[in-house]
Amino acid sequence: GAVVSQHPSWVICKSGTSVKIECRSLDFQATTMFWYRQFPKQSLMLMATSNEGSKATYEQGVEKDKFLINHASLTLSTLTVTSAHPEDSSFYICSAGVGGGYEQYFGPGTRLTVT
Amino acid sequence: GENVEQHPSTLSVQEGDSAVIKCTYSDSASNYFPWYKQELGKRPQLIIDIRSNVGEKKDQRIAVTLNKTAKHFSLHITETQPEDSAVYFCAACISGGATNKLIFGTGTLLAVQP
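As they're listed, the protein sequences go chains A and B. Residues 1 to 115, numbered by my numbering, are exactly what the first sequence covers, in order. Residues 1001 to 1114, numbered by my numbering, are exactly what the second sequence covers, in order.
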């Protein structure tokens, strides 16, 4: 149980384009979904928290107009990186939370490379 | 805000030895402390967690201890095996208004030498 999928697993895009990443909880309903960013050999940095049907809460320093988050249902959240630049290249991981976010189950991550 | 420090950053042990990773947190209101194992290029996987009303929890070769007064918690792995090699992250859960969120430590790269 508690399986989270993420799509795509990797993507290469050109600078200036937008990329959408999907995060789905497959066998449970997640009240909250979280988006993290992880640079090589570094920790997970929380970007934003989203609850179904409401606007995402962004962490300090994260541009909400650049990283658009939509949480359309209790099983789906999307992250769109708009006007991507090479510095946006990173490993993006979502997680689905239960129990008010205490327990989080992570997706497999999406490796984004912007050329 | 909450800050989680983790030590050591790298740890090398011989197969069969024990490994200990320590974390400290700053927000005394934190009440949930999970540990995640992440293999290269893969998702973090929850291996054990502890809530603030408990001082110790054990699951086979893995145990976690929590000292609320000192605001630190530790992961103990006994009888280490090569497949334990990975990056381990501790985290502390803080209240972010209506939603709780995890603040992660910096990670420990554990290498178990056969």
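Hints are not guaranteed to be accurate.
Said to hold, decoys possible - Only part of the chain B face toward chain A is listed, based on derived beta-carbon distances under 8 Å:
hint, residue
1, Arg1043
2, Phe1089
3, Cys1093
4, Thr1099
5, Asn1100
6, Phe1104
7, Gly1105
To be verified - Simulated restraints, written as ranges between beta carbons of each label pair:
hint, chain 1, residue 1, chain 2, residue 2, range
8, A, Val98, B, Glu1015, 46 to 52 Å
9, A, Ser83, B, Leu1046, 31 to 37 Å
10, A, Ile12, B, Gln1045, 46 to 52 Å
11, B, Leu1046, A, Gly53, 49 to 55 Å
12, A, Thr80, B, Ser1026, 32 to 38 Å
13, A, Cys13, B, Gln1060, 42 to 48 Å
14, B, Glu1056, A, Ala72, 38 to 44 Å
15, A, Gly16, B, Asp1027, 38 to 44 Å
16, B, Asp1059, A, Ile12, 36 to 42 Å
Said to hold, decoys possible - The calculated lysine to any residue pairs, modelled on SDA-like cross-linking and capped at a C-alpha distance of 20 Å, are:
hint, chain 1, residue 1, chain 2, residue 2
17, A, Lys41, B, Thr1099
18, A, Lys64, B, Val1112
19, B, Lys1042, A, Gly61
Since the hints were derived computationally from the structure, they do not count as laboratory data. Keep in mind that this is a model prediction, so the values were computed, not measured. Glycine included, each C-beta is placed from N, C-alpha and C at the ideal position.
Does 42 to 48 Å hold as the CB distance between Cys13/A and Gln1060/B, or does it fail?
Given about 43 Å between the Cβ atoms, the range holds.
In this structure, is the beta-carbon distance linking Leu1046/B and Gly53/A contained in 49 to 55 Å?
violated (27 Å)
Satisfaction of the hinted span 38 to 44 Å by the C-beta atoms belonging to Gly16/A and Asp1027/B:
holds (40 Å)
Given hint Val1112/B paired with Lys64/A - CA-CA distance at most 20 Å
The given pair, whose Cα atoms are some 41 Å apart, is violated under the 20 Å limit.
Does Cys1093/B meet its interface restraint, that is, does its C-beta lie within less than 8 Å of any C-beta in chain A?
holds (6 Å)
Evaluation of the interface hint that places Asn1100/B against chain A, nearest CB under 8 Å
Since the shortest Cβ distance to chain A is 4 Å, the answer is holds.
Confirm or reject the claim that Asp1059/B and Ile12/A have a C-beta distance inside 36 to 42 Å.
holds (40 Å)
Given Thr1099/B as an interface hint, is the shortest Cβ-Cβ distance to chain A below 8 Å?
holds (5 Å)
Double-check Gly1105/B for me: the hint is only fine if its C-beta lies closer than 8 Å to a C-beta in chain A.
Where the cut-off is 8 Å and the nearest Cβ of chain A is about 7 Å from Gly1105/B, the hint holds.
Grab the minimum C-beta distance from Phe1104/B to chain A and call the hint holds if it beats 8 Å, violated otherwise.
Check passed: Cβ of Phe1104/B comes within 5 Å of chain A, closer than 8 Å.
Quick check: does the Cβ-Cβ distance between Glu1056/B and Ala72/A fall within 38 to 44 Å?
The hinted range 38 to 44 Å holds for Glu1056/B and Ala72/A, with Cβ atoms some 42 Å apart.
Supplied distance hint 32 to 38 Å, evaluated on CB atoms of Thr80/A and Ser1026/B
holds (33 Å)
The structure fails to meet hints 8, 10, 11, 17, 18, 19 from the earlier list, while all remaining hints are met.
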